[in-house]
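Peer 1: Here are the chains, one letter per residue:
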Amino acid sequence: MSPEKAQAYWKENIAMILKLLVVWFVVSFGCGIIFIEQLNSIEISGVKLGFWFAQQGAIYVFVILIFVYVKAMTSIDEKYGVHE
Amino acid sequence: MELQSLIYLFVGISFAIYIGIALWAKAGSTKDFYVAGGGVHPVANGMATAADWMSAASFISLAGIISFKGSDGGAYLMGWTGGYVLLAMLLAPYLRKFGKFTVPDFVGDRYYSDVARTVAVISVIFVSFTYVAGQMRGVGIVFSRFLQVDVNTGVIIGMAIVFFYSVLGGMKGITYTQVAQYVVMIFAYMIPAIFLSLQVTDTFLPQLGIFAQTTFEFNDGVRAIPEGTYLLHALDQSIADLGFAEYTQPGNLWNMFMLTTALMLGTAGLPHVIVRFFTVPTVKDARVSAGWALVFIAIMYTTISSVAAFSRVNLIKNVQNVEYKAFVNGELTHADGTPNDGRWFKTWEHGGLLAWNDKNGDGKIQYAAGAAFKGKPAFDGENVAEDGHRLTTNGVPAENNGKIENELYVDRDIMVLANPEIANLPNWVIAFIAAGGLAAALSTAAGLLLVIASAISHDLLGQVIFKDKTTGKSTLNEKSELMWARISAIVAICIAGYLGINPPGFVAQVVAFAFGLAAAAFFPTIILGVFDKRMNKEGAIAGILTGLIFTFGYIVYFVFLGGDKADYFLGIAPTGIGTIGTVLHLIVAFVVSRMTPEPPQEVQDLVESIRLPNNAGEAHDH
Numbered sequence: 259m260s261p262e263k264a265q266a267y268w269k270e271n272i273a274m275i276l277k278l279l280v281v282w283f284v285v286s287f288g289c290g291i292i293f294i295e296q297l298n299s300i301e302i303s304g305v306k307l308g309f310w311f312a313q314q315g316a317i318y319v320f321v322i323l324i325f326v327y328v329k330a331m332t333s334i335d336e337k338y339g340v341h342e
Numbered sequence: 018m019e020l021q022s023l024i025y026l027f028v029g030i031s032f033a034i035y036i037g038i039a040l041w042a043k044a045g046s047t048k049d050f051y052v053a054g055g056g057v058h059p060v061a062n063g064m065a066t067a068a069d070w071m072s073a074a075s076f077i078s079l080a081g082i083i084s085f086k087g088s089d090g091g092a093y094l095m096g097w098t099g100g101y102v103l104l105a106m107l108l109a110p111y112l113r114k115f116g117k118f119t120v121p122d123f124v125g126d127r128y129y130s131d132v133a134r135t136v137a138v139i140s141v142i143f144v145s146f147t148y149v150a151g152q153m154r155g156v157g158i159v160f161s162r163f164l165q166v167d168v169n170t171g172v173i174i175g176m177a178i179v180f181f182y183s184v185l186g187g188m189k190g191i192t193y194t195q196v197a198q199y200v201v202m203i204f205a206y207m208i209p210a211i212f213l214s215l216q217v218t219d220t221f222l223p224q225l226g227i228f229a230q231t232t233f234e235f236n237d238g239v240r241a242i243p244e245g246t247y248l249l250h251a252l253d254q255s256i257a258d259l260g261f262a263e264y265t266q267p268g269n270l271w272n273m274f275m276l277t278t279a280l281m282l283g284t285a286g287l288p289h290v291i292v293r294f295f296t297v298p299t300v301k302d303a304r305v306s307a308g309w310a311l312v313f314i315a316i317m318y319t320t321i322s323s324v325a326a327f328s329r330v331n332l333i334k335n336v337q338n339v340e341y342k343a344f345v346n347g348e349l350t351h352a353d354g355t356p357n358d359g360r361w362f363k364t365w366e367h368g369g370l371l372a373w374n375d376k377n378g379d380g381k382i383q384y385a386a387g388a389a390f391k392g393k394p395a396f397d398g399e400n401v402a403e404d405g406h407r408l409t410t411n412g413v414p415a416e417n418n419g420k421i422e423n424e425l426y427v428d429r430d431i432m433v434l435a436n437p438e439i440a441n442l443p444n445w446v447i448a449f450i451a452a453g454g455l456a457a458a459l460s461t462a463a464g465l466l467l468v469i470a471s472a473i474s475h476d477l478l479g480q481v482i483f484k485d486k487t488t489g490k491s492t493l494n495e496k497s498e499l500m501w502a503r504i505s506a507i508v509a510i511c512i513a514g515y516l517g518i519n520p521p522g523f524v525a526q527v528v529a530f531a532f533g534l535a536a537a538a539f540f541p542t543i544i545l546g547v548f549d550k551r552m553n554k555e556g557a558i559a560g561i562l563t564g565l566i567f568t569f570g571y572i573v574y575f576v577f578l579g580g581d582k583a584d585y586f587l588g589i590a591p592t593g594i595g596t597i598g599t600v601l602h603l604i605v606a607f608v609v610s611r612m613t614p615e616p617p618q619e620v621q622d623l624v625e626s627i628r629l630p631n632n633a634g635e636a637h638d639h
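If you read the sequences in order, they're chains A and B. With our numbering, letter number 15 in the first sequence gets 273, and the count goes up by one each step, no holes. With our numbering, letter number 464 in the second sequence gets 481, and the count goes up by one each step, no holes.
Certain hints may be false.
To spell it out: a stretch of chain B is covered by chain A in this simulated footprint if at least three of its residues, at any positions, have a beta carbon under 8 angstroms from a beta carbon of chain A; those stretches are [as the list claims (entries may be wrong)]: (1) 86-100; (2) 221-229; (3) 339-352; (4) 492-503.
Quick caveat, the hints were computed from the structure, so don't treat them as lab data. Glycine included, each C-beta is placed from N, C-alpha and C at the ideal position.
Chain B on its own, in the form it takes in the complex (with noise of 0.2 angstroms):
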C-alpha cells in the first residue's frame, strides 16, 4: 500500500478509537471529570500517566536532542525518570490520603488561605500553558508533515480532536483513551527502535542493540571503519572524524548536574501529573501506579539512548558522500546491495526542516561538524538549483579550518520521525510512527487542558469567587460546575490552538521551562506542607511567589531579553535554573514560616492524617 494511503489507515483508526472510548466514558459528574470518579485501576492509571507525561517533546524530540548531545542528553533521561522515584515517595501517596481534586485545593486548604489557593491556580495555568504551547505546535508538525496539510491547520485538526474527548469525557474519557494512547504510543516507538537494531547490529532488543557490534563497514568519508566495530566506538571514531566532540565524552557536568535535578523536581511538581493520583481508589494504589507509570514510560526511556545513537550512525551512513540528485530520486545503494533510497531527504527538505548546501559545488553531500550557513535556512522562495535541491539565501560561516566543511542543516527535532525513513524501513513502520507521535501530543494536550479547566472552574470560581462568605462553600451546583468546567476547557483549547499557531518563538526549550517553573512552584510547596508540620501560609505564599519569580525572571532575562551568557548565576544555564528556584523557595518558606505565627491546630490536625494511609475515603466505582 501506498505511504500516504496507510498514514490515513493508522491515523484514522487510532483516533477512531479515542473517541469511541470518550463516548464511552462520558463525564456525568464534577468527580468523574476531574478525578475520573476515583476508581482507576493502580496499572491502568499508571499507563494513563505515562502518555499523559510522556508528550511530543519525549516522542518526537528526545532523541534527536540525544543524538546530537551525546552524552550529556542522559540529563534528560535521568531528570524525567528520577522524578517519579520522588513522587512515588515524597508526594504521590500523601495526595492521594488528602483526597481532592487539584493541586491548589491541597494547597488553599493545608496553608487555609484563598490567597494561597489563588496563587496556586495562577501557577497550576501559568506553567500548563507554557507546556501545551508546546505540544499544540507538536501536533501541528506531525500533522503537516503525514497528512500533508499546513502546521496551522494541522493544530486546528488536533485543536478539534483534543477538544472532543477532554470537553464530552474529562478525566473519565482522558484517562481511558489515555490508555489506548499508550499502547499506540509504544508500539509506534518500539518497532521502528527494533528494525533499527536489527538493521544496524543485528541485535532484536534495541535496549542491547549498544553493546552490539555493527553490521556493516562504517565509512565517514574520511575513512572506513571495519565491520564488527563495537557500535558506539563506530560512532566515537566517525564523529571524531567529522570535527564533533566525541559521542560518549561528557561536556559540562555541573549544568548537566543542575538541570538533571531541575527536571526530577519538575516532574515531581507538574500539576498534571500530581492530580494522576487523585484517580486512584487507595494511598497504596497510590504508591503502585507511580511504580506501574515508571515501568512504561521506562520501557519508551530506555530504548531513546538507543535509538539516539542508531539515528546518528544512520544519519552519515545514508548520506555521507552520496551525490544528491541520484539520492532523492531513490538510484543508490549501499555497498551490501541494499537500497538508500534518499526521497525522504525531499520531503523534509520542502518541509523546511532539512537543507542543503552545496559547499565545494560537488554535487554530493557532506556532513561534519561546524554550520552548513549562518543560522536556521532561510530558502529562496521555491526556487531549487539545477539538481533539484533547495536554494538557501543564508551568507556562509568562516572556513572550517581546512577540515570537511559541513553542507548539512538537519533539524534535531525531524530525527524520530524521520529515522524509519532513512533506514528505508516498510511503508507501515513509517505510518506507525505518525500514529505514535500524535497519540503523544494529544494525550498530553488533552491532561493539561483538563487541569487548566478545574484549575478555573474547581479552584477559581468554585473555591475562590463564587464561595459563601458565611458557610465558607461553594455556591455552585454541581451541575453548573460541570457546565463552567466544559466552557473553561474549551476556552483553554482556543488559547492553547492560538499559541500553537503563533509560537512564541521557543517551542523546543519551552518545555524544559515549564518543568523548571512546576520545579519552583508547586514541589516545595507540597513537599513542606506533608513534612513540616509548622510551615504555614505566609512561608507558603513567600515560598511560591520567590520561587515562580525567580525562575521565571532568569529564563525571560537570559533567553528573550537577551542576557549575556557570560553573566549567567554561578554559570547556571537558563534550562536548569529551576532547580536554584526551588533552593530559595525553600529557604525563604523555611524563614518566613519561623518567624510567623504557626499554623491553627485543625490544619496540624490535617497534616497528621494525611500521614497516615488508612481512611483514605471510599473508592468509587464506575
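Chain A with its partners taken away, still in its complex shape (with noise of 0.2 angstroms):
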C-alpha cells in the first residue's frame, strides 16, 4: 500500500473514532454527571433521567458505540482493501 494511501485510511479512522468518543462523552460525563441534575427534572415512572444514565443509559449506548464502531471500521477497511 502507498503511503498517500495509508496516510488516508488513518486519518479515516481516526475521525471516526473521534466522532464515536464524542457520543461516548456525552451519555456519560454529559448525561450522567455534568448535566446530572437538570436531566432529573425529566422523570419516567419514578426514575430520574440523570440517575437512570449514570446507572444504566450509558451502559446500553457503551455496547451500541463498540458494535457500530465495528461496522464502520469493517467498510473502512474494505473501502482500502487492508481488510482480511
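Build the complex from these two chains, which are given one at a time in their own frames, with help from the hints.
Peer 2: Written out as C-alpha cells, the structure reads:
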C-alpha cells in the first residue's frame, strides 16, 4: 500500500473514532455527571433521567457504540483493501 | 435439601467443571500458555474477558457500595464499562496487530529499550499484585461464609484451586475455564435479582424493576409509604425519613467525574484485560471481542443498579423495628403473611460483618443514618446479651440530634451475599450465589496470576536477563521458558495467598487503586505508542515513571500516612487521582519526547504496520 493511501486510511479511522468518542463522552460524562441535575428534572415512571443515564443508560449506549465502530471500521478496511 | 448441603453440591459441581476443563485444555507450548494459541473465538473470548475482569469486587461488593452511595455509585457503573469503548477503539485492534504476547512486549519493542520493558514489567507486577490481594481476600470471605471455615483456610483452598488450573492450563486452560465461570457467575447474579425484582415490584426484568411500583406498604418506622408508590420514590422518601441523603440525589460531581475517568482509563490499561486481545485470530476479531466482552459485562452491570436499590429497600423492609429475639429465631411474618426469617442476621453477626447495638433498650432493631457505635464493631469475645445478640465494646457516638438513633452496623460487602437470605429466597438460590461469588473471585485471580507469571518468565527472564547480547534473542528454549512460567505462577500464587491472609488492611479500596495505577502507568504509553509516531523511548520511560510515582505517592500519602483531606489536590479523592496521573504522564511524555531524538526508522515502520489491520499473523488452531 502506498504511504498516501495508508495516510488516508488512518485519517478516516481517526475521524470516525473521534465522532464515536464524542457520543461516548456526552452520554457518560455529559448526561450522567455534568448535566445530571438538569436531566433529573425529567422523570419517567419514578426514575430520574440523569440518574438512569449514570446507572444504566450510558452502559447500553457503550455497547451500541462498539458494534457501530466494528461495522464502520470493517467497511473502511474493505474500502482500502486492508481487511483479512 | 439443607442449605449447607446444597452449597457443597453447587460449589463442588462448579469446581469439578473448572478442573475438568483445565485438564482438557492443558497447555503444551508457551504460546498456549500465554495467549491460548491465539485461536480463541471472539464470542468465547468476550465471555472469558468478562469473567476475567468482573472480579470479586464487581460480584460481591459493587451492589453493596451503590446501595449505600445511591446516585454517586454511577461512577463505578459508567467507569468500569465505559473503558471498554476506549479499549475497543484505541487499544485492542493495534495490540492484536502487533502480535506478541504481553504489554511489556509491546512497550519494549515499540520503545526499543530494555529499560522501558523492565519498567513495564515492574508496573505490571505491581498493578496485578495490588489487584490480586483483594481477590484472594474475596475468595477467603466467600469460602468462610459458605463452607463454614475461617477466612484463612478459605484463602488456602482458593490458592490450591487457582494453582491447579492456571499452572497446568495456562491461558488456554484459563480461557475455557473462564467461559464456564462466566456462565456460573451470570446465572448466580441474575436469578436472585429476578426473584428480588418480582418480590419487590412484580417486574420480571430487574433492569426495569426500578421503573415499577412497590407491591407492599413500606413502613420505614417513621411513616407508612403506601403500596403502589414508584420504587425509587419509596426509597428516596424512606431513607430521607431515616436521616440519609435521598438515594437519587447526586453528591460531589467533581469527584464523581475524576473517579469515572480514572476507572475508565484504568479498565483500558489493565494488563490482564489487554492481554485478552492477543488471544483472538484477527484484528477484526479483537474489535468484535471487546464488543462481546462489554455485552456480557453489561448484562450484569445494568442489573447491579437495580439490585442495589432493591437491597436497600429490602434491608429496611425486613429489619426496621423488628424484635431481635423473635426475628433471629424465625418467628416473624410480614403483614401479608410471608415469613420474615432473620436467621441470616445471626450468621453474619457471628461472621463479624453485622452488629446490633440496642441503644434505647427496646429489644427492637432500629436502622437510620448515623453510626451504631464508634468505628467498626469490636466484639466482646463471644459474649452475648440476654436476647442472644453479640455484645460490642465500642463507645457510643454523640446523639443524632433527636432523630432516630441508628443501632445497626451492616458491612457493605455482605449485601449481595446476604440479600437472598434477607429476602427469604429458596435455598438453592443462596447456594448458587456462593458458586457465583467464587467463580468471580477465582477467574480474576487466575487471570492476574497468569499475567504476573508471563511478565516474569517471558519479559523479564526471556527478554532481559537471559538475552543473548549479540543476537538479541532469548537463550531460553521453549521448554525451559514454560517451566519458568509455571515456577513464576507458583511463586505468584504463594505471594497472593500471603496477601490474602495478611491483607494490607485496605482491601475495599484496593481495586479502585489498582485501576488508578493502571490508568496512570499504561494507558497513555500504549495510546501514544500507536497514535504518536514521534513518541520515543525517553518520553515513554519518563511518562510511565511520572504517572506511576505520582499516583502511588498520592494514594500512599493520603490513605496510609494519614494525609489530611483538606490538602487534597484540587479536592480530588485518592480513588480518582489516577486521572491526574494519566494527564501528567501524557504531558511529560510529550514534552520529553520532543526534546530528545526521534525514534529509529524501523520503529516508525513498526507503528505504520500496527495501524493497518491486515497480515496480523496466522491464527493457530487447537
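Peer 1: Could you tell me which of the numbered hints above are not met by this structure, giving the numbers in increasing order?
Peer 2: 3, 4
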